[in-house]
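Colleague: Go ahead and model the full structure; you've got the sequences and the hints to work with.
So the sequences go chain by chain: H and E. Here the first sequence stands for residues 1 to 529, numbered as in my numbering. Here the second sequence stands for residues 1 to 529, numbered as in my numbering.
Take the hints with a grain of salt, since some may be wrong.
[Said to hold, decoys possible] Covered, in the sense of this in silico footprint (three residues per stretch, anywhere, with C-beta under 8 Å from a C-beta of chain E), are these stretches of chain H:
(1) 132-145
(2) 441-448
(3) 466-477
(4) 491-500
(5) 511-519
[Said to hold, decoys possible] Only some residues are given here: those of chain H computed to face chain E with a beta carbon under 7 Å:
(6) Glu56
(7) Ala60
(8) Val128
(9) Asp249
(10) Gly252
(11) Pro254
(12) Pro436
(13) Ala455
(14) Ser457
(15) Pro458
(16) Ala459
(17) Met460
(18) Asn461
(19) Ala488
Treat the hints as calculated values from the structure; they're not laboratory data. Idealized CB from N, CA, C, for every residue including glycine.
2 protein chains.
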Amino acid sequence: MLEPVLVAGGWRDAVEPVGELRAHDPSTGEAIGPAYPVSGGREVEDAVAAAVAVAEALAATDPRRIAAFLDAYAEGIEAQADRLAALAHLETGLALAPRLRDVELPRTTGQLRQAARAVREHSWTQPVIDTASGLRAMFGPLGKPVVVFGPNNFPFAFNAVAGSDFASAIAARNPVIAKVHPLHPGTSLALARIAHESLLSVGLPAATVQMLYRTEHDAASLLVGQACIGGVGFTGGRAGGLALKAQADAAGVPFYGEMSSINPVFLLEGALSARGDALALEFFNSCTLGSGQFCTNPGLVVVPSTDAGDAFVAAAAAHFDAAPAQVLFSEDGRRHLVAAIDTLRVAGAQRLAGGDIPARAGYRIQPMLLQVEGASFLADATALQTEAFGPVSLLVRSTGAEQSLAIARAFEGSLTATVYRAADGSDDEVAAALLPPLRMRAGRIVFDRMPTGVAVSPAMNHGGPYPATSHPGFSSVGMPGTIRRFAALHSYDNVPQALLPPALRDANPDGIWRQVDGRWQAGDVGAGA
Amino acid sequence: MLEPVLVAGGWRDAVEPVGELRAHDPSTGEAIGPAYPVSGGREVEDAVAAAVAVAEALAATDPRRIAAFLDAYAEGIEAQADRLAALAHLETGLALAPRLRDVELPRTTGQLRQAARAVREHSWTQPVIDTASGLRAMFGPLGKPVVVFGPNNFPFAFNAVAGSDFASAIAARNPVIAKVHPLHPGTSLALARIAHESLLSVGLPAATVQMLYRTEHDAASLLVGQACIGGVGFTGGRAGGLALKAQADAAGVPFYGEMSSINPVFLLEGALSARGDALALEFFNSCTLGSGQFCTNPGLVVVPSTDAGDAFVAAAAAHFDAAPAQVLFSEDGRRHLVAAIDTLRVAGAQRLAGGDIPARAGYRIQPMLLQVEGASFLADATALQTEAFGPVSLLVRSTGAEQSLAIARAFEGSLTATVYRAADGSDDEVAAALLPPLRMRAGRIVFDRMPTGVAVSPAMNHGGPYPATSHPGFSSVGMPGTIRRFAALHSYDNVPQALLPPALRDANPDGIWRQVDGRWQAGDVGAGA
Chain H
1 MLEPVLVAGG WRDAVEPVGE LRAHDPSTGE AIGPAYPVSG GREVEDAVAA AVAVAEALAA
61 TDPRRIAAFL DAYAEGIEAQ ADRLAALAHL ETGLALAPRL RDVELPRTTG QLRQAARAVR
121 EHSWTQPVID TASGLRAMFG PLGKPVVVFG PNNFPFAFNA VAGSDFASAI AARNPVIAKV
181 HPLHPGTSLA LARIAHESLL SVGLPAATVQ MLYRTEHDAA SLLVGQACIG GVGFTGGRAG
241 GLALKAQADA AGVPFYGEMS SINPVFLLEG ALSARGDALA LEFFNSCTLG SGQFCTNPGL
301 VVVPSTDAGD AFVAAAAAHF DAAPAQVLFS EDGRRHLVAA IDTLRVAGAQ RLAGGDIPAR
361 AGYRIQPMLL QVEGASFLAD ATALQTEAFG PVSLLVRSTG AEQSLAIARA FEGSLTATVY
421 RAADGSDDEV AAALLPPLRM RAGRIVFDRM PTGVAVSPAM NHGGPYPATS HPGFSSVGMP
481 GTIRRFAALH SYDNVPQALL PPALRDANPD GIWRQVDGRW QAGDVGAGA
Chain E
1 MLEPVLVAGG WRDAVEPVGE LRAHDPSTGE AIGPAYPVSG GREVEDAVAA AVAVAEALAA
61 TDPRRIAAFL DAYAEGIEAQ ADRLAALAHL ETGLALAPRL RDVELPRTTG QLRQAARAVR
121 EHSWTQPVID TASGLRAMFG PLGKPVVVFG PNNFPFAFNA VAGSDFASAI AARNPVIAKV
181 HPLHPGTSLA LARIAHESLL SVGLPAATVQ MLYRTEHDAA SLLVGQACIG GVGFTGGRAG
241 GLALKAQADA AGVPFYGEMS SINPVFLLEG ALSARGDALA LEFFNSCTLG SGQFCTNPGL
301 VVVPSTDAGD AFVAAAAAHF DAAPAQVLFS EDGRRHLVAA IDTLRVAGAQ RLAGGDIPAR
361 AGYRIQPMLL QVEGASFLAD ATALQTEAFG PVSLLVRSTG AEQSLAIARA FEGSLTATVY
421 RAADGSDDEV AAALLPPLRM RAGRIVFDRM PTGVAVSPAM NHGGPYPATS HPGFSSVGMP
481 GTIRRFAALH SYDNVPQALL PPALRDANPD GIWRQVDGRW QAGDVGAGA
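Modeller: Written as structure tokens, this is what we have:
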């Protein structure tokens with residue numbers, strides 16, 4: 001008996017499933033819970049057809065109904081918060097509290113509510129009115145389904161059926177086909193049930209949200225490689241992301257993939273002299289948060305070859321050496337991590353501390369610190385940027401500002417780049433020199449805090465240059481910008497007032513922020529600011 | 001002796017050219033002017049290396065210098081307007097006046113100046129400040145070269161070294177490698193000379209702008225298929241666009257292609273009854289403007305099978321029958337157009353009027369009108385949407401509102417969709433029903449005027465769903481939005497004021513419009529609107 005899928009407006013038994021899967025307790029490696037279907041082409045075709053069938057009507061829906069759904073969904077999740085957090089803890093091994101119950105789940109409901117607010121305020125649509133030419137424009141729905149692929153590491157906040165991509169695609173009034181991560185199927189099923197009930201409660205088409213656990217390879221190409229698909233949101237590993245991207249690209253489907261990042265950190269001399277011990281602990285805590293399974297994990301730290309640098313390294317190594325083994329999501333994940341560590345070591349990185357793999361059951365590894373000289377890094381920078389997804393970081397020892405700059409210029413695209421500086425400004429000349437090369441290689445420049453914190457803010461960029469993501473102009477966190485990934489630009493040329501969408505008419509009773517003749521204002525056209 | 005290329009900061013003889021090309025007078029078919037080199041891989045490598053070498057410095061340049069360049073370039077073009085227009089007329093066969101001298105050239109300098117204004121006002125950067133989280137974000141340079149491919153049909157306004165893509169990429173402080181269209185090499189050379197002088201006059205790096213006439217196939221892949229390229233702007237045909245897109249996609253390079261469009265027009269019954277004869281002339285003029293070689297040419301017109309519809313068709317057919325042959329850009333262009341007409345006829349379209357190909361020299365064809373019944377269109381909608389790039393249009397006769405809606409739902413993505421309605425509102429119910437399906441299939445919805453007019457406005461969308469373009473969220477006309485295609489999202493997390501870009505600091509002496517804590521304002525942070 002397999003658990004149901006959410007397809008074509010309701011829960012149903014999988015049609016022609018091609019396999020089954022189960023969740024595992026990462027701390028023991030044992031299978032837990034019921035079995036879930038792996039979907040084949042027939043099921044995917046049904047889901048795509050159902051989503052296409054509702055897309056036009058959904059695009060024409062009153063946005064307030066969309067906002068009501070997002071709010072109802074957030075409320076429904078909160079009502080089951082304890083149960084959901086317990087389920088996610090079982091399936092992922094992530095800490096029940098504070099991580100799942102007190103941080104990630106509230107973040108998730110917060111994102112849904114921010115999406116609802118963006119819908120009510122129309123902030124994602126950025127209306128532009130040019131009275132002289134008679135042209136008016138705004139962002140609007142794609143009018144096509146959006147497919148979301150969720151990652152293993154955030155069972156709530158990036159879940160394909162509840163997370164940021166989901167909320168963004170729905171906010172833009174597109175139907176969503178969620179391909180959740182098969183490592184937490186029970187959590188995803190529970191979330192999808194709440195989503196489905198919330199849809200029905202507000203009267204949106206039931207096929208607005210659909211959910212599959214896993215698809216066979218050929219079926220995945222039906223999900224992303226057809227022109228009837230409006231867009232794809234993907235969070236996960238680089239190999240899988242690029243394979244899907246190639247299929248989407250070939251069909252002209254915009255693909256937003258968040259795929260990999262080493263998140264370099266520069267510790268400048270003044271900062272190390274003033275607070276090296278504190279930084280060692282801060283770094284260790286960030287690197288091991290969630291067993292290091294963060295897209296923004298500080299995977300590479302540039303440390304000067306000075307006394308202060310040596311002291312930092314010794315302090316950090318002590319933390320890693322003293323750390324117990326941590327639980328990863330899966331045996332596959334551990335195997336990939338060990339392979340990445342091997343790649344780094346073959347390329348010249350030395351083990352400094354940690355890295356033991358205990359004999360006991362479960363997907364465990366001890367946090368690990370590696371080190372390489374700056375010159376060696378520069379000699380094989382590609383291999384030494386191999387992402388080690390887990391509680392592992394590589395220290396790169398720099399001989400000085402000039403070498404640090406060369407190291408910065410050798411980085412490929414990352415989500416973040418971080419600089420720690422002395423509070424007295426004594427590092428600022430070096431910091432200013434590092435900024436231009438780092439700026440073009442990272443989506444977010446962070447100062448004096450670790451990159452693992454990703455605030456849900458309109459000024460966040462959880463994105464960055466390829467290969468960190470597939471497009472440097474978009475973030476996957478932070479309303480309302482995230483919504484525009486799943487939007488089309490809609491221009492109206494000489495269209496009568498009555499046939500314009502309300503947000504573009506002269507009258508502006510809802511006080512929407514609009515750019516009118518070059519000026520942002522919230523009043524009626526002709527009424528000034 | 002071959003004309004020089006603009007590579008690596010100066011004019012030089014082509015390095016290892018792999019062939020040569022000449023312009024032709026389309027009205028006679030005779031080769032005119034000097035010979036120009038076809039560039040091979042070595043030259044492209046030089047250009048890419050030179051652009052990469054200046055990208056970081058250019059990104060850090062004071063925006064006012066960029067604006068000064070754009071203004072100086074516009075002024076330089078105006079100073080040679082008569083000569084440039086005469087050259088372009090010779091190479092393209094487009095009318096010297098008003099088209100080239102009085103419309104397209106001023107539009108081009110207007111675009112450059114709008115880009116300069118957008119740079120000075122920072123309007124393209126959309127700064128967002130979130131004081132609670134300490135996060136600030138804006139759009140900024142890619143820090144990598146942008147490659148622009150220009151089309152045959154706008155020797156100024158879309159020229160790779162002077163047009164909208166060029167101005168947009170430069171405004172975002174990216175170096176540009178311009179691959180101009182080989183049908184107007186002399187015009188492009190003259191423009192590039194002015195661009196180069198303008199660069200030197202304002203003190204920008206000389207390699208900020210480079211220009212090639214044509215590249216061999218393998219060399220083109222070096223231009224777009226490398227991760228060191230920041231983005232690609234392409235305007236041209238679908239086959240060439242998709243081939244370049246595939247190479248860019250594989251390297252993770254954002255590709256903005258404007259590739260094809262049939263621009264459907266719906267003439268509603270009330271409009272035809274009230275002003276059918278006037279509409280017939282308006283349609284004929286739009287369809288034959290620039291010999292129909294417009295991306296926004298009305299290539300398909302839905303006309304009701306009523307008396308008013310018949311009268312319109314008769315009037316339109318008379319215009320086409322009476323029209324003299326028009327000059328196309330090239331023999332290749334005429335061959336493609338004839339092949340497209342054949343495809344339409346094989347699929348069931350009947351010739352109504354025009355279409356003669358005169359025996360005299362030059363690339364001529366008489367404007368042509370085709371017709372097909374609505375049911376026949378629906379039976380083979382893909383073939384009957386074949387783009388016929390020239391003064392050719394297909395009338396689709398609809399049996400009523402229901403069939404018109406089905407026809408609308410059969411369209412693939414276009415740049416525009418147009419509806420003509422009665423001024424008294426009697427068509428508005430039908431118009432309102434057509435809007436949802438048309439909205440998701442076109443970038444710009446036009447009412448009561450032909451789509452060929454493309455105003456350079458911030459509310460323009462000269463873009464649309466695939467396959468009209470490669471991304472539904474962007475326009476290739478209309479500052480400042482066009483600039484964001486060639487921009488990266490830059491977030492700053494806890495960065496000290498002195499190390500922030502000026503546009504994101506608390507103080508806002510230039511009065512830049514910024515979204516501060518959800519509110520658009522032009523004042524300092526903390527000072528309110």
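Colleague: All the hints need checking, so say for each whether the structure fits it.
Modeller: Comparing the hints with the structure gives:
Counting residues of the region 132-145 of chain H whose CB falls under 8 Å from any CB of chain E gives 11; the rule of at least 3 is met. A stretch counts as covered by a chain when three or more of its residues have a beta carbon under 8 Å from one of that chain; for the region 441-448 of chain H and chain E the count is 7, and the coverage holds. With a cut-off of 8 Å between beta carbons, the region 466-477 of chain H has 8 residues touching chain E; three or more are needed, and the interface restraint holds. Only when three residues or more bring their CB closer than 8 Å to a CB of chain E does the claim for the region 491-500 of chain H stand; here the count is 8, and the claim holds.
Chain E is given as covering the region 511-519 of chain H, and this holds because 4 residues of the stretch bring a CB closer than 8 Å to a CB of that chain, at least three being needed. Taken as an interface hint, Glu56 (chain H) checks out: its beta carbon lies about 5 Å from the nearest beta carbon of chain E, inside 7 Å. The beta carbon of Ala60 (chain H) comes within 5 Å of a beta carbon in chain E, closer than 7 Å, and the hint placing it at the interface holds. A hinted interface residue such as Val128 (chain H) counts as satisfied when its beta carbon comes closer than 7 Å to some beta carbon of chain E; here the least separation is about 5 Å, so the hint holds.
A cut of 7 Å between beta carbons decides the hint on Asp249 (chain H): the least distance to chain E is about 4 Å, and the hint holds. Because the smallest distance between the Cβ of Gly252 (chain H) and any Cβ of chain E comes to about 3 Å, under 7 Å, the interface hint for this residue holds. Annotation: interface hint on Pro254 (chain H) holds; nearest CB of chain E at approximately 6 Å, less than 7 Å. With a cut of 7 Å, the hint placing Pro436 (chain H) at the interface with chain E holds, because the nearest CB-to-CB distance is about 5 Å.
Hint on Ala455 (chain H) holds. Least Cβ distance to chain E is approximately 4 Å, under the 7 Å limit. Nearest Cβ of chain E to the Cβ of Ser457 (chain H): about 4 Å, under the 7 Å cut. The hint holds. The beta carbon of Pro458 (chain H) comes within 5 Å of a beta carbon in chain E, closer than 7 Å, and the hint placing it at the interface holds. Interface restraint check for Ala459 (chain H): the shortest CB-CB distance to chain E comes to about 4 Å, inside 7 Å, so the restraint holds.
Hint status for Met460 (chain H) relative to chain E: holds, with the closest Cβ pair at about 6 Å, below 7 Å. Of the supplied interface hints, the one on Asn461 (chain H) holds, with its beta-carbon coming within about 3 Å of a beta-carbon of chain E, less than 7 Å. Restraint check, Ala488 (chain H) versus chain E: the minimum CB separation of about 4 Å is within 7 Å; hint holds.
No hint from the list above goes unmet by this structure.
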